[in-house]
Amino acid sequence: MPRSAELQRLIDGLALFPDWEERYRAIIDLGKRLEPLSDEEHSETNRVRGCVSQVWLVEDEPEQDPVRMHFRADSDSFIVKGLIGILLSMYDGQPPEAIVEMDSMKVFGELGLDRHLSPLRSNGLFSIDREIKKRAAARVA
Amino acid sequence: MAVPKQKSQPASRQEAQAADVLDASHVRADFPILDRDIHGKKLVYLDNAASTQKPRAVIDAVKHYYERYNSNVHRGVHHLSQEATFAYEGARKRVQALLNAEDDSEIIFTRGTTEAINLVAQTYGRANLGPGDEVLISVMEHHSNIVPWQLVCEQTGATLKAVPIDEHGALVMDELERLLTEKTKIVALGHISNSLGTINPIQKIAAMAHAVSAVLVVDGAQGLPHARVDVRELDADFYAFSGHKVYGPTGIGGLYGRRELLDAMPPWQGGGDMILTVAIDRSTYNDPPFRFEAGTPNIAGAIGLAAALDYVDSLGYERVAAHEAELLAYGTAALEQIEDLRLIGTAPEKAGVLSFVMDGAHPHDVGTILDQEGIAIRTGHHCAQPVMEHFCVPATARASIGIYNTREDIDALVRGLRKVREVFG
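Protein chains in written order, with our numbering: chain A, 14 to 154; chain B, 217 to 641.
Worth flagging that the hints you see were computed from the coordinates, not collected in a lab.
Glycine included, each C-beta is placed from N, C-alpha and C at the ideal position.
Any given hint might turn out to be false.
[To be verified] What the simulated footprint calls covered on chain B by chain A, stretch by stretch (three residues with Cβ under 8 Å from a Cβ of chain A suffice, anywhere in the stretch; the number is not a length):
1) 578-584
2) 634-641
[What the hints assert, rightly or not] Derived DSBU-like pairs (lysine-lysine); straight-line CA-CA distance at most 35 Å:
3) A:Lys119 <-> B:Lys635
4) B:Lys257 <-> A:Lys45
5) B:Lys635 <-> B:Lys257
6) B:Lys309 <-> B:Lys279
7) A:Lys45 <-> A:Lys119
8) A:Lys45 <-> B:Lys635
9) A:Lys146 <-> A:Lys119
10) A:Lys119 <-> B:Lys258
11) A:Lys45 <-> B:Lys258
12) B:Lys257 <-> A:Lys119
13) A:Lys147 <-> A:Lys45
14) B:Lys279 <-> B:Lys257
15) A:Lys119 <-> A:Lys147
16) B:Lys377 <-> B:Lys399
17) A:Lys45 <-> A:Lys146
18) B:Lys635 <-> B:Lys258
19) B:Lys377 <-> B:Lys420
20) B:Lys399 <-> B:Lys420
[Stated by the list, open to error] Among the chain A residues that face chain B by a calculated CB cut under 8 Å, a handful are:
21) Glu34
22) Tyr37
23) Arg38
24) Ile41
25) Val65
26) Ser66
27) Asp89
28) Phe91
29) Ile92
30) Val93
Model the full structure from these sequences, guided by the hints.
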């Protein structure tokens with residue numbers, strides 16, 4: 014599965030920071046740059062259950078783009094939002110057939126961030142990843 | 217006697233030492249895990265309200281049981297079973313003595329506080345509640361002292377009411393008095409709040425509850441680790457606690473219940489050991505505490521729990537409380553110096569819990585940055601969502617103090633929080 018230029022740029026950019034502090038700063042910046050959802054979109058329906066931070070996921074209507082899937086997401090934690098930014102750069106604008114094949118754990122592993130995607134980590138990121146995959150699988154079926 | 221025992225000091229010696237300072241460096245040496253490095257940094261463990269670390273004495277007691285006399289209790293005529301039974305029942309006697317219960321039959325071993333509260337709700341509660349009756353809890357309760365009461369209220373038609381808390385996180389006592397009526401059958405309150413650290417005036421509340429003939433159930437999960445608990449002095453009817461919060465193993469805890477209440481309570485879970493006779497059409501039940509301990513219990517856990525309580529007792533509860541109070545005061549003063557940090561829970565009577573929020577940094581992010589520095593704290597709603605709602609925060613970061621913590625740990629926390637400030641700008 015070829016990676017989008019944006020994702021590759023992100024991965025390369027983060028790899029420039031060998032020390033955790035700089036890397037987290039970059040993730041936080043990424044989180045701050047991600048367009049926030051509107052007040053209405055911060056709804057219970059869009060909320061993905063996480064334990065510590067709150068996470069919301071919005072999928073744009075399929076009518077607008079019958080081929081590719083478009084996602085936007087938000088969190089009240091900047092670190093989680095930055096990590097979501099990485100996830101979205103993988104999934105957003107991709108066809109469902111590609112999304113189901115993607116290995117987010119591998120990407121996060123390359124970034125040394127895989128523990129954030131673990132099901133044991135209660136930050137909502139695992140749930141959002143699973144939710145996107147589930148919706149893509151439903152579109153493929 | 218197969219159980220290794222921690223040396224216990226006589227009360228008079230403990231009293232004499234009450235003014236002494238706990239030697240935390242000496243205490244630290246008893247906890248093997250504290251040697252660990254996390255992300256290349258020395259572990260600073262400040263998540264004691266979630267679970268405490270275990271001293272060598274506890275680890276050894278559990279290991280010794282499995283290595284030397286592991287066997288089922290109350291059943292065998294063989295030697296190992298007798299040794300195991302002796303140790304298990306010995307553990308019950310130690311818990312009884314340390315809680316100053318009148319009789320060891322008043323101590324029921326459970327998986328922990330949660331199971332103990334569910335047990336009271338499903339036995340005493342189910343047998344004694346009906347439509348029109350009320351159960352009184354408070355807004356500061358842990359979910360495990362809310363949900364079991366919601367369940368039994370749904371089952372019996374009783375109503376659940378909650379005492380509000382003030383801006384410091386203390387119970388509004390006038391409201392407690394107003395809500396306590398002839399309808400109140402059960403008052404269930406935490407001894408110490410896990411999310412705020414507030415110490416509730418249990419003795420006073422017991423008198424108020426008893427004046428309207430209600431029973432008082434105390435959630436002691438955070439109480440037992442921080443103070444000497446004397447159930448008779450507190451005048452609690454039930455006192456629930458967890459082993460792992462008081463330097464003992466996970467999966468073990470207990471319930472103290474006044475004997476006459478336990479005697480009248482129907483069983484909850486059915487199985488082996490809780491019966492006298494079983495026929496296909498009916499069974500008769502054993503006396504407390506066995507009536508409430510169906511199946512093979514957590515034998516190693518009970519032995520470990522007794523070793524943990526003996527360990528804390530050997531340090532002296534008064535010194536433990538003084539040590540934690542000193543660190544709490546030191547930590548409170550230090551955290552108050554950090555820009556845009558707000559302490560959540562500032563009740564005058566408080567145990568070693570520092571719950572806080574920082575402007576511009578979500579508790580999750582605070583916890584993540586601190587973790588990189590080797591500092592373990594808890595972030596989240598601490599299973600106390602009504603408390604979070606009261607303070608209008610989605611979550612807090614919480615540092616909680618144990619017997620092995622030092623001023624250096626607090627200093628490390630403060631340095632970590634300054635780093636959080638730097639990273640978040």
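Verification of the hints:
{"no.": "1", "hint": "578-584", "verdict": "holds (count 6)"}
{"no.": "2", "hint": "634-641", "verdict": "holds (count 3)"}
{"no.": "3", "hint": "A:Lys119 <-> B:Lys635", "verdict": "holds (30 Å)"}
{"no.": "4", "hint": "B:Lys257 <-> A:Lys45", "verdict": "holds (29 Å)"}
{"no.": "5", "hint": "B:Lys635 <-> B:Lys257", "verdict": "holds (15 Å)"}
{"no.": "6", "hint": "B:Lys309 <-> B:Lys279", "verdict": "holds (21 Å)"}
{"no.": "7", "hint": "A:Lys45 <-> A:Lys119", "verdict": "holds (24 Å)"}
{"no.": "8", "hint": "A:Lys45 <-> B:Lys635", "verdict": "holds (18 Å)"}
{"no.": "9", "hint": "A:Lys146 <-> A:Lys119", "verdict": "holds (15 Å)"}
{"no.": "10", "hint": "A:Lys119 <-> B:Lys258", "verdict": "holds (30 Å)"}
{"no.": "11", "hint": "A:Lys45 <-> B:Lys258", "verdict": "holds (31 Å)"}
{"no.": "12", "hint": "B:Lys257 <-> A:Lys119", "verdict": "holds (27 Å)"}
{"no.": "13", "hint": "A:Lys147 <-> A:Lys45", "verdict": "holds (27 Å)"}
{"no.": "14", "hint": "B:Lys279 <-> B:Lys257", "verdict": "holds (29 Å)"}
{"no.": "15", "hint": "A:Lys119 <-> A:Lys147", "verdict": "holds (18 Å)"}
{"no.": "16", "hint": "B:Lys377 <-> B:Lys399", "verdict": "holds (11 Å)"}
{"no.": "17", "hint": "A:Lys45 <-> A:Lys146", "verdict": "holds (25 Å)"}
{"no.": "18", "hint": "B:Lys635 <-> B:Lys258", "verdict": "holds (16 Å)"}
{"no.": "19", "hint": "B:Lys377 <-> B:Lys420", "verdict": "holds (19 Å)"}
{"no.": "20", "hint": "B:Lys399 <-> B:Lys420", "verdict": "holds (19 Å)"}
{"no.": "21", "hint": "Glu34", "verdict": "holds (6 Å)"}
{"no.": "22", "hint": "Tyr37", "verdict": "holds (6 Å)"}
{"no.": "23", "hint": "Arg38", "verdict": "holds (6 Å)"}
{"no.": "24", "hint": "Ile41", "verdict": "holds (7 Å)"}
{"no.": "25", "hint": "Val65", "verdict": "holds (4 Å)"}
{"no.": "26", "hint": "Ser66", "verdict": "holds (4 Å)"}
{"no.": "27", "hint": "Asp89", "verdict": "holds (6 Å)"}
{"no.": "28", "hint": "Phe91", "verdict": "holds (6 Å)"}
{"no.": "29", "hint": "Ile92", "verdict": "holds (5 Å)"}
{"no.": "30", "hint": "Val93", "verdict": "holds (6 Å)"}
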